Structure formats: C-alpha cells, structure tokens
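There are 4 protein chains.
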Amino acid sequence: MFSIRTDLALEARELYQENSNQEIPGVEVEQKKEDFATVTRVKVFNRQGSEIMGKPEGSYITVEAPGLKKADADLKDQVSQLLAKELVQLIPKKKNLKTLIVGLGNWNVTPDALGPQVVSKVLVTRHFFEAYGKKDDPTMTSVSAISPGVMGTTGIETVEIIRGIVEKTKPDLVIAIDALASRRMERVHTTIQISTTGINPGSGVGNMRKEFSEKTMGVPVLAIGVPTVVDAATLTNDTIKLVVENLKTQASKGSQFFQILQEMSEEDKYSLIREVLDPYGANVFVTTKDIDIMITNLSQIIASALNISLHPGIDLKDVNRYLH
Amino acid sequence: MFSIRTDLALEARELYQENSNQEIPGVEVEQKKEDFATVTRVKVFNRQGSEIMGKPEGSYITVEAPGLKKADADLKDQVSQLLAKELVQLIPKKKNLKTLIVGLGNWNVTPDALGPQVVSKVLVTRHFFEAYGKKDDPTMTSVSAISPGVMGTTGIETVEIIRGIVEKTKPDLVIAIDALASRRMERVHTTIQISTTGINPGSGVGNMRKEFSEKTMGVPVLAIGVPTVVDAATLTNDTIKLVVENLKTQASKGSQFFQILQEMSEEDKYSLIREVLDPYGANVFVTTKDIDIMITNLSQIIASALNISLHPGIDLKDVNRYLH
Amino acid sequence: MFSIRTDLALEARELYQENSNQEIPGVEVEQKKEDFATVTRVKVFNRQGSEIMGKPEGSYITVEAPGLKKADADLKDQVSQLLAKELVQLIPKKKNLKTLIVGLGNWNVTPDALGPQVVSKVLVTRHFFEAYGKKDDPTMTSVSAISPGVMGTTGIETVEIIRGIVEKTKPDLVIAIDALASRRMERVHTTIQISTTGINPGSGVGNMRKEFSEKTMGVPVLAIGVPTVVDAATLTNDTIKLVVENLKTQASKGSQFFQILQEMSEEDKYSLIREVLDPYGANVFVTTKDIDIMITNLSQIIASALNISLHPGIDLKDVNRYLH
Amino acid sequence: MFSIRTDLALEARELYQENSNQEIPGVEVEQKKEDFATVTRVKVFNRQGSEIMGKPEGSYITVEAPGLKKADADLKDQVSQLLAKELVQLIPKKKNLKTLIVGLGNWNVTPDALGPQVVSKVLVTRHFFEAYGKKDDPTMTSVSAISPGVMGTTGIETVEIIRGIVEKTKPDLVIAIDALASRRMERVHTTIQISTTGINPGSGVGNMRKEFSEKTMGVPVLAIGVPTVVDAATLTNDTIKLVVENLKTQASKGSQFFQILQEMSEEDKYSLIREVLDPYGANVFVTTKDIDIMITNLSQIIASALNISLHPGIDLKDVNRYLH
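Protein chains in written order, with the working numbering: chain A, 2 to 325; chain B, 2 to 325; chain C, 2 to 325; chain D, 2 to 325.
Mixed in with the good hints, there may be bad ones.
A few chain C residues facing chain D, derived, Cβ under 7 Å [to be verified]: (1) Gln260; (2) Leu273; (3) Lys290; (4) Asp293; (5) Tyr323.
Since the hints were made in silico from the structure, they are not lab data.
Since we're looking at a predicted model, the values are computed, not measured.
Here a beta-carbon is modelled for each residue, glycine too, at the ideal position from N, C-alpha and C.
Construct the complete structure from the given sequences, taking the supplied hints into account.
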C-alpha cells in the first residue's frame, strides 16, 4: 500500500534503523566527516541486504553538505572537488574511455530539470574524436551527452531511447543524472548521491520508467542524484506520525487513548493521506521557492565534478572553468 | 502566528463559514452553475467584511472548472470564452482604452511562471498606435505587456518597476496575472480568480512584495490568478487537523482523551508544522508533477480570454487564434 | 568549389533553367496557384534527373505563400489546412500507423530551432497506446516525437541517435522537420517544402551530417522544411553576379570591358567571396530580425498540419486547437 | 540614403581614414597591444569630431581579441580581467555606489540575446541592502539588473521602461549591455566596446529606439557592446565595392570601362543592394552558425568582469566564480 518514498540509500537504511537497533544484514556502512560535508558509504553486498533496503546490490555514496542551502562560492567549489575525487574512484580505469552522460527528467518542470541542466553544462568531446579519427588524447576522454526528455513529451520510455543510443555509439560507461525524492526536507538540495547501481523504477520526481542499469544498458551505469523534492504523501505521512507520537507522550500508557493511538493502522493513515491529497494522489510533491537557484548551483557543482573527473587535462583547480 | 494561506476570496469565506453558519457581514455572495464550471461572485462591500476576509473591498469572481485537470480542447475553449465574458464586464468602457498587462512571478520556477507565460502569448499592439500616431482603431485597443521578473533576479520590488512604467506610459488599466496559493489541492489548476482589487502582499508563490493596486498604481488594477500551489504549511496544518478530527470521533466526549484533542493549541500545531518543514519554514510549497502542462494550458486560456476581451475585432469564435 | 547552396528542389530546378530553356530530363513539374499560395510539385524520376538536380529521386512539394511574412491569422489557418491535405496524400494508408516525428536543428540558435519548436507543439500519443496495451483507436494514431539536439551539444551524429530509437520503437514512418537554406531572401519564411526523400548531408543551417532517409532508417522518411536563412556565400555570390550583369548592360558587346566581365571566372568570384566572408568561411548565414516570430508562426502551422493529418479525430476545422 | 552600418567607434574612424590620411579633427586615438588583445581608446572631444564620427562626444574603449572565436578557457579569463580593469577606470569612485545593469535586446533571437544573458549571470545585491536597511558594505555595492525585452514584445520603448525604473530606484550609474553590428565579419564575436556615451538610436540588431544616455536617464550611462552581426546591407555594399575595385585593377585608367566603374553612383549601388535583399530591406543581418556558443562565452566574460569591477570583495582571481 503506501510506503515512504525515498531514493536515498541513506534514508532506506535510516528507516530500517528506526525500528531496529542493529545494522541491516548484508549492508556495510562507513562514514567520514569533513568540515563542510559528511560522506556516507553504504555498501549492499548480498540479496538479503538488497531486499531489506529495497535497493539493488552495489555502492551508494552520499555527500551531505547542509551549507549548500546558502550556496556560498567557496563551498560550491569544495563540494565539486570532493565529488570529483569520489567519481574518480568509480570511473573504470580504461585507456580511451568513452562515456555517455544522460540527463534524465523534464526540463519544463524546475525541480525535475537537474539532469538536463547538468547535460547543458558538461564538456562534450566525442565529435572531436570522431571528426579527427582520433582514439586517444592526453588531455581529454570521449564524452557524449543527451537529455532525451520525459515520456510525456516523447511518447517513448527513456530507457528505450538510451538503449538505442548505447547500441549505436557503444560507450564504456553511462552516467545518469536525475532529480530524486527524499523523505526529509532537510536533505533536499543539500545531498548528492552517487551509486553504482543505476536508476530504478519510480526514481526521479516519479513517473514510472523501466530500470536504467548495467543489466538493461549492457555497460556499467553510474547514477548521480540530488533530492529536489519530498513526496507530498511522505510529508503527510510524517506529519501524521508526528502528531500521533506527540499525543502519545500526553497519554498514560495503558489508557484507552494510548491504545487507540498505538493501534492506528497503516490503512487508517493511508486513508487520511488520500483525503488530504486527493484528487492528485501520487502526483504531488513538495519543493522550495528557491528551486531555480538550487538547480543552477547543483548542476554547476555536478557538471564541474564530471569535467574534472573525466578529462585528465582538467584539474581540481579548474573547478568552474569549463562549464558551458 | 501561523495562519492558513489562501489567495482565493472563495476560500477566505469558506474558512469563516467552517466556524460559523452565517454569511460574513459586509460580504455578498452569488453563485451560478454551468455545465462545466461554477462561477462564484464574492463582493466585499465594507470594512468589516474586508477585515474578516483579510481581503480589500471589491469584487472577486471565481471560475471553478474541475475538468481543467484533464485539459480537453473543448473545455479550454469554453473556459476562455466564459472568462472573456466576465472580463468584458470589468474592463472600463472607455474609447481608446490603453491597457498594460503585467506578468508577475518567476519564469524560472514552473508553478510561478503563469504570469510570464500569459504575457508571452497575448497580442501586444501599443507600438503600432505609437508608430502611426493613431489614437483609435475599430478592431483593436492599445495593449502593452511586461514580465519584469522577481526581486531575487532584479533586486527591485516589482511594484516599483511597474509604477515607473505606469508613470511613463500612462495606461488606463493594469491587468496583473499571477500564480496563487490555494488551501486545497483540488482547486489547484482548476480555479481562475478575477478581482478588482489588485494583488496584495504575500500573494503569488510567496515572496513578500508591496501592494499592487489602484492605490499604488494610480489606475484601476484587475488581477487574474490561478492557484498552482498549496503552501506546505497549509497542507501540514490540514493534515494535523484531519488527524485530530479523526481521533475525536473515536473518543468518548468528556474523556481525558477528547479533552487533550480539544485543547490542542494553535501553538502546539505550529510547533509540529515547524518540526515537519524545518529548516525551510515558510518557503516550501506543494504542487503537481504535470505542472508544466497545466501552466501551458492555463496561460493559453487566459491569454485567449484577454485577446478576446480587449480587442473589438477579436471574437468569441476566435478563441486560440491570436495566441503567440 | 563554391556552389550556390539551396535545400529547395524548386530552386535547384530554377538554377538549371537559368542556363537552359528546357525542363530537366527525368524531372516532371506541375504547378497550381491558389489565392494565397502556389503549390509546385517536382518529381525526380530517374538517375539523370537526380544528378542534375543534386537531389535524390522522389517527390518535392513546395508551398509558397508570400503573405506569411505578415503572419495573418486567417492565412496561417489556410496554410495549415493546405499542408495537411498534402501530407494526407503522402502518409502511408496503414491501419494502426506509428509515426516518429523528429525535430532536427539547434534549439539554441533561433533560425535553426524550427524542428524542436514543432516537436514541442505536436500531440504525442504513443505512450497512451503503450500504457493501455491498445493497438488502434478511431480518433488517433500512435505518435512519438523527439528533438535530439545537434552534434555540437551531444557529440553524436543525429542520424545515429534516431536510428537507435527507430530500431527500439519500430515506427512505420519518420517525419523529420528541419530549417533549410534558400538561395533567395524572398523565399525565407514564406516557403514550406515536403519531400519523400528525407534529408541529405549538408541540409539545415548547415552542419554536415549523414543521410537521413529510408535507406539509413529502414522506414519511409518524410521531410518537412522551411528556409529560414540564406547562406552568406550565396548572397555574396548573387551580389557579385548582379553587379557584373548590371555592368554588362553598360558595356558595348565586343568591347574589352564586356570581355573582362564575360570572362570573370568562378575562381575569381570565389576568391572575392572568401575575401568578404573570411575568416568565417562557410559558417555564416543571413536571416531576418523577426526570426523569432517567424519560427513561432511556422512551427504552429506545421504542428497543426501534422496533428490534423495524423489523427483521424482531428479535423481541418480544428486547426490550432491541439497545439501544445 | 544607404550608409555603412557600424556601432563601433573604431570602425567609424576606420571608414573616415579609408578616404583620408589624417586623424579625424577632434578625435584622439591611443592603442596598446597585449599578447592576446589590442586595446584601442578613441576619444571624441569636440563637436566636429562627433559629427564626422557620427558618435557622441566621449570615450570608446575597444578590446579586440581574435582568439575569442575559439573560446579557450584561459583567454576567456584574461579578457574578463582586462575588461574588469578598464571598467574600474570608468565606474564612478563613489562610496555606496548604486548600479542598474540593463540587458538590452531580444532574448528570443540568439544574436540579440547578449544583454539578457549577461543580466541572467551577474550578481544582483540591491534587495539585500534594502531588506537590511544597509547603506554600505565592505565586500559589495548595490546592483540591480533588468532585461525589459524589446518593443515588439512589450509595445513600449525600452528607454521609457528604464527611465521609469531609474526614477523610482535612483541608481548612480546605469550600465547597458547590447549586441552591436560591425561592418566586418572578422570583428564579430571578437570585439568588446565600452563607451561612456550610452547607446544611440539604431544600435543593436537594429530596431530604432530613442537615445539611451545620461541626457535621457539623468545619470551616467556606460555601454558595453559586442558586435554579433553584420548588417546584410553592409555586407552587400562591401561586396559590390570589392567587385568594382577588383575590376578597376583590370581596366586601363582613362578607358570607358574605368570611367563607368569610377562613376558608379551610390544610388546605383543602393538599388543593387535593394535588389539582392528585397523584400526584407533593412531587416536582414548576417551572423555565424556557432552564435549560441559565442553568446554564452561572451556573456560569461562580461558578467564576470562586471562582478569583479562592481564588488570590492570580488577579486581578479575570482573570475567565473560568482557567475549565476
């Protein structure tokens, strides 16, 4: 029935731990705090872990930088550089690497435009290699990029479009950029997740699409995502939970009152959520008024990190310099 | 402290009536049902009415067409024509009328882009009158139009910008188009409000700006608005209220439980809202995933209605024909 | 060396006839004048015709409506309807037809944005057929649409991208929309060409790309194009020719003067052209200041014609009604 | 009648010198060559100079950097920094300086979109000063910015709009950014002109508008412009001239032939130009296919130079860092 919607592995684990004091079996977590950011590495290494998390096996690296809400130029540079260093670890160490960057999402809906915005800013080089019949270059690798649009505007599943392009252009790596949904407002615009598992049905602002992964693409897929929205149903659910928790503290344990609160079923909650959100149901989301500035900043940060990590001639010092 | 945010006169009245069985003193209401739409006329005619409503004295006409969620071409035409007929009643019957259409809001944030989208679609004619030194024309009146952008991008209050332009170009009428906030998801994208009172602080997606009215502009101001969002605090508040109401039905009157629910203070609710929405506080809104299509449809409907009602040579039959 | 650049079959034939009084062998021409437009059908039916024309064998239908420069609403409707009738003749009469509309060109360069603008306005329906597992519908056929962008932004030949998508989605028909180059300013924005031969290298505003035709796509390709530019080299060449012709009329035949003019070689002309256009060489074009309005109008006309001709439920009377 | 169209003082002087070996009376010129750019300072200091130049009295600083055609990241940074140093000399040294940046031109026509693109990238700060009632700040000065659109979309002369805003917001300085026309393709996209005289009728891509200067604004106006087009009539005229010059070299002086060429009147040339460009007449321009990339690069360079020169806290080293 209703379940809390999150695209962040970090939060999937957090949800589990709210009801349990132990780590998820089959999952390893490592955390490192920097001045300006916390980096969490969640590794899902077996099927049990994957099932509990509701996420495929693989690595999920999350950079949380609460300061991003204020978009200071120094911090943006630092996050770009941190992200670039993480990406370098995950990008295959192959001579003459060929990468296809895919901007998922709808450029006409601001909180869903992260992917297309990143694509419009990255350095595209594949056509130079093709034009000069060149195989390798000491300063750059071959990068192509596309934002295919969403099914509502093309009539075609994005996965089908990209699979067609992958078959024709044969990249070694696909990097997909997408806007995500978090369960908490505080993570919106302040968290960047890199994963080695691609993107799964129902990710992004939320139109269902088929799996976007190594299995469907035939080449490794890295996904980079930023939560830009909270699902309205999640917000509503959290609110209900909070009210109930709050009332519980005012009731004596064992009283009829406490009992009612305790027994409030998931179904009851779900019908309340429907009442609030109806008639839009699942198609409602929560975002912030400065979403345009946030998308601009985050797409600069990610595009800069991609430029640095894909091209040997671009350096950590060159942050922002090759943005289009 | 916290209050339910609505830009619709219809809802301000509804809120009052939730606690009272009578009409607001100083307010008259008239309702007409059509096949496809309900037209409600709220007239606030004295200070008492204005204070209770929290809206200036004047007329508020609301067209509710729930079918707009599905954007059928016939319905769009019908709503344009209905709107045009209402506008004709409100536009001053002056020979050689000169109108300035102002698109308020931020074109970079989809749910706030209604005003700029309408402006990009209306027929602009003032420069023809100026170029040929013409005063009147049997088929058109003088129309100018501007979308000045928001304070975050210009650094200037929109009211200051428009007042400057009004002083230089001396229109007889200003028509301001803006995205509004409703208190209910079901009114989002399905309701169009025309008012004779202009636009007041805190309208639109929500950055504070000074009053946009005949008093500040020196000429009559018609406002046309469509709710495209619900304030997240409003949604949260409604959710809390609903949970509490729901629990009340399960408690026996007079029980301690009922008492606690009954006495849950506004302050308690407010601190719960803050807990859910923190750290974004007031700057969070709820909208729908098809917002891009909704803004396109609604801006076509309004621009068509303006073209028909401002130019004698454009007819009800010409709906959609002069859209840019 | 230098040759006059035209994407219009009409002009390719015109160029031949400037030096010859007879029809091109292997080419048939038929012309019909309407009130508001001239329709010319050029049929290239053998290899000789194709070689002289520099165009593949097939049909080229050109609608010339000089009034389009002024964008009157009646005329726009008439041209849409005329275009729709022509398209109906060319679209395969197949039950459950599936069409992919491709918007070629660069949306960031106004005169090259015709294709992407048309795509943003047509009615896309394929996903409804897929979602409901439907094969046929009495009111609509399956239409998908994409604007892949240009090689400079994707790093990939457009033909490769579309071929990939065609293989995955298996449409029965591809309709490609592109901005063209004319040799004459008077045809810019006033001429629409439909051809059954697809689009060939060097078409459009002019980046080389591989052939876009039934041969490369595996399904029939209709191309719809509008000249939005004149190549600067063509304009320069025409100017030189005109000066020389003009001077010739002032010289007595047989004089040294006449001789020099007569003998001015193509090479001389070419080096003059280079001197004027250098250092931009082939990458310079001529267009008009109202290009934004022209692209908007022309994309409305073409999108409306496509909506009418592809969907049985949309009628000649519905012109403009289903534009997005 | 017809005259060569140029918005560059540098070229106005060059035109004079093509017919004369001396400096224009009332004009002083100074030139400095850097590695990557030539800086020319033209000072028009009396009425005679102004009349010959066809430009108001004042200073015109031109930065020519032919390498900008290839948009190397180092060069972009160097030009930003050079421009910033020049701007610092011209910006009034006033405590608490208030600047209004105006982006002239049409954002829907790529070669005319330079002004709006710069405005979208500069750091806007005025609202912070207003919100906190602050007068001065050690790191920034008060900057507001607007792109009002063109008369075709607003129906209002841009000068009227900006004058209205200046009267309401009382800046100390207006900086206007506009796309210009050059007479030579080689200067297109490679030349930046700063002038202390504002912008005069017919500048930009070319719709007539009234003077944009200290006289009409009441405060000093700095103009920053980049030629992004050549007028098609200028190109045609240059071509004719070149053909005639070329033929002259082949004719013996004194021959009838030489005579005819010598006597080819301006009127003859003008009617040839009309024949080539008709029916679009004056509304046709020439530009390059990479115009989108050029506008992006040039607007980054100028916005960065403005950020550095207006805000004491932003340094030459911070080039690109505060771009929006």
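Now for the hints, and whether the structure bears them out:
The closest approach between the C-beta of C/Gln260 and any C-beta of chain D is roughly 10 Å, which is over the 7 Å cut-off, so the hint fails. Evaluation of the C/Leu273 hint against chain D yields a held restraint, the C-beta minimum of about 6 Å falling below 7 Å. At its closest, the beta carbon of C/Lys290 sits 4 Å from a beta carbon of chain D; the interface hint therefore holds under the 7 Å criterion. Interface hint status for C/Asp293: upheld, as the beta-carbon distance to the closest one in chain D is roughly 4 Å, under 7 Å.
Interface restraint check for C/Tyr323: the shortest CB-CB distance to chain D comes to about 24 Å, outside 7 Å, so the restraint is violated.
Comparing the model with each earlier hint shows violations of hints 1, 5; every other hint is respected.
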